[in-house]
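Since chain P is already given, all that's left is putting chain R on it; use the hints.
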Amino acid sequence: MLKRVHFPSSPLPYLLVAPQLAITLIFFIWPASQAFYQSFLIEDAFGLGSEFVWFENFEVLWSDSHYLAAFWRTAVFSLLVAGLSMGFALVLAGFAQRAVRGALTYRTLLIWPYAVAPVLAGALWVFMFNPTLGIFPYFLEFFGIDWNHYLNGGQAMALVVMAAAWKQVAYNFLFYLAAMQSIPPSVIEAAAIDGAGPGRRFWTIIFPLISPTTFFLLVINMVYAFFETFGIIHAVTQGGPGTSTTILVYKVFNDGFVGLDLGGSAAQSVILMVLVVTMTVIQFRYVERKVEY
Amino acid sequence: MIENRPFTRFLTHFVLICGVIAVALPIWITFVAATHDELRMNQAPLPLLPGSYLWQNLKQTLFGEGLSGTEQAPVWLMLLNSLAMAMLISTGKIAISLLSAFAIVYFKFPFRMTCFWMIFITLMLPVEVRILPTFEVVANLGMLNSYWGLSIPLIASATATFMFRQVFLTVPDEMLESARIDGAGPMRFFFDILLPLSRTNIAALFVILFIFGWNQYLWPLLITTDTSMTTIVMSIKQMLEAAEQSPQWNIIMTTALLAMIPPVFVVISMQKLFVQGLTETDK
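Protein chains in written order, with the numbering used here: chain P, 1 to 293; chain R, 1 to 283.
So here's chain P without its partners, still in its complex pose (with noise of 0.2 Å):
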């Protein structure tokens, strides 16, 4: 933590991290806190006064269906798209690793979407599936599929995710590609020697090895997909049709700021605080204890 050399007590250090302390303050702890405040409030219709209600908020919550239709919404969003962009890109870095000479080209023509901001990511796709334009449709037209995802609550689903998937496949390509890389040859050589082809090292070898890769990547997908993909699902279909596309975060911010019902969506960041408080804490706990066979 400290160095064993350090310099002697003086004002000094109080002046340096005054700054990053009264951003934090000002900006994050105390805005935190005033949600658990309000959270516990409910305002009167005309927003005059405001009474204390201790877990009123919450249990409202509980038992609005449409709050836990949108968490269920968020956990199958979350998923997909983990697991739709963990994919891909696994298949992707287990043939770069292999095109050792191509390995770095590849990684350079695969890592841009990265840089593309969620939002456009979102008018990038709703573009290509815009039901009377877009090429998409189009080609589906063929196959009988009749895509309009401004009606289709399954297809507006299916848009976001792919868009929001899209997005972070270059994240995921990056690390596992490092954590194969980081393989000793050796290994893989043994296994090649007493007759495993490529597809059994992959399976026996390779995939156990990064194991810790992909849990950490799982974590950071999931809180990707719970708070970064806002932009997509506000280009795209904002929320709709009807609720089908309306995952947590989106719910806070419409029932916040276009519903202004700040106890209810007070209490709301109260509960994905707490969703990310619990991820954080096991991405730490677990990814630091590798997982080992």
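These are calculated hints, taken from the structure and not from any lab test. Glycine included, each C-beta is placed from N, C-alpha and C at the ideal position. Do not take every clue at face value.
In silico negatives: residues of chain R with every beta carbon more than 10 Å from chain P [as the list claims (entries may be wrong)]:
| # | residue |
| --- | --- |
| 1 | Leu39 |
| 2 | Tyr53 |
| 3 | Trp55 |
| 4 | Pro74 |
| 5 | Leu77 |
| 6 | Ala84 |
| 7 | Met87 |
| 8 | Gly183 |
| 9 | Leu195 |
| 10 | Phe206 |
| 11 | Ile211 |
| 12 | Thr225 |
Label pairs and their computed distance ranges (CB to CB) [as the list claims (entries may be wrong)]:
| # | chain 1 | residue 1 | chain 2 | residue 2 | range |
| --- | --- | --- | --- | --- | --- |
| 13 | P | Ile183 | R | Arg188 | 50 to 58 Å |
| 14 | P | Ala158 | R | Gln245 | 24 to 32 Å |
| 15 | P | Ser211 | R | Gly185 | 47 to 55 Å |
| 16 | P | Ile183 | R | Gln245 | 52 to 60 Å |
| 17 | P | Leu140 | R | Pro47 | 14 to 22 Å |
| 18 | R | Leu83 | P | Thr278 | 34 to 42 Å |
| 19 | P | Thr278 | R | Thr114 | 21 to 29 Å |
Here is chain R on its own, set in the frame of chain P:
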């Protein structure tokens, strides 16, 4: 490669090329859309090969009226706003976390661990979950529609502080001992020894933070009501809404292209630093 079989080699490159095509397809379609005129972009099978209107579209998007039917700032101004926000966030984050990591690693002072834990908490609270109260704080401070309001609430981050703490802990103790024997004070040591030693880490972090800052969406959406403060990334959403009445997809996609060029350029041109930054900040 361990064995050299022509078929597996072919398969490897075939799968990778298919992957690259799948990943690049959305960007390619955007680029193609930016090279056609409005008329062509409204006929049902959209083109898959580029046309000849790229310069015209660029000129109209950057300096022209923009999209008809929307009240938007000119695109060059939005690009500038985005640049200012991204630069403020990345340099601000780097500066404050360098200083606080220095204090936490090199000084012994009362409440050192309290400070550390307060910073640590911010790791767990993305802006999305505390959005409403943070908005209220910024509104009360009168920072709506300003570069400060856009950037400062996003500046505090534990990840950067952690990374610099990690870097400083690997600096040998003898450095400080010899610096002190030579009569250097804390700040002299910081500027003349620690900063040069962590130069590549700073650069790697800058790449990541620049992309993070440039791509911010929800926060600028709430904080800016004045059209002259909008960022390029936000403007896409308004354009998509306007597209339902007057679909000028060529202009919309040219704007999207302009909005993604700076961060993509940063990632590609500084690939090595980018990969380093990514693996360091997240692990």
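Here is what the structure says about each hint:
1. Leu39: 13 Å, holds
2. Tyr53: 17 Å, holds
3. Trp55: 21 Å, holds
4. Pro74: Its Cβ never comes within 10 Å of chain P, the nearest being 19 Å, so this holds.
5. Leu77: 18 Å, holds
6. Ala84: 16 Å, holds
7. Met87: 16 Å, holds
8. Gly183: Check passes; 14 Å lies beyond 10 Å.
9. Leu195: 14 Å, holds
10. Phe206: About 14 Å separates R:Phe206 from the closest Cβ of chain P, which puts it past 10 Å; holds.
11. Ile211: 5 Å, violated
12. Thr225: 12 Å, holds
13. P:Ile183 to R:Arg188: 50 to 58 Å: With a Cβ separation near 45 Å, P:Ile183 and R:Arg188 fall outside 50 to 58 Å, so the hint is violated.
14. P:Ala158 to R:Gln245: 24 to 32 Å: This hint holds: roughly 26 Å between Cβ atoms.
15. P:Ser211 to R:Gly185: 47 to 55 Å: Holds: the Cβ-Cβ distance is about 49 Å, inside 47 to 55 Å.
16. P:Ile183 to R:Gln245: 52 to 60 Å: 55 Å, holds
17. P:Leu140 to R:Pro47: 14 to 22 Å: 18 Å, holds
18. R:Leu83 to P:Thr278: 34 to 42 Å: 37 Å, holds
19. P:Thr278 to R:Thr114: 21 to 29 Å: Holds, at about 24 Å.
The structure shown violates the earlier hints numbered 11, 13.
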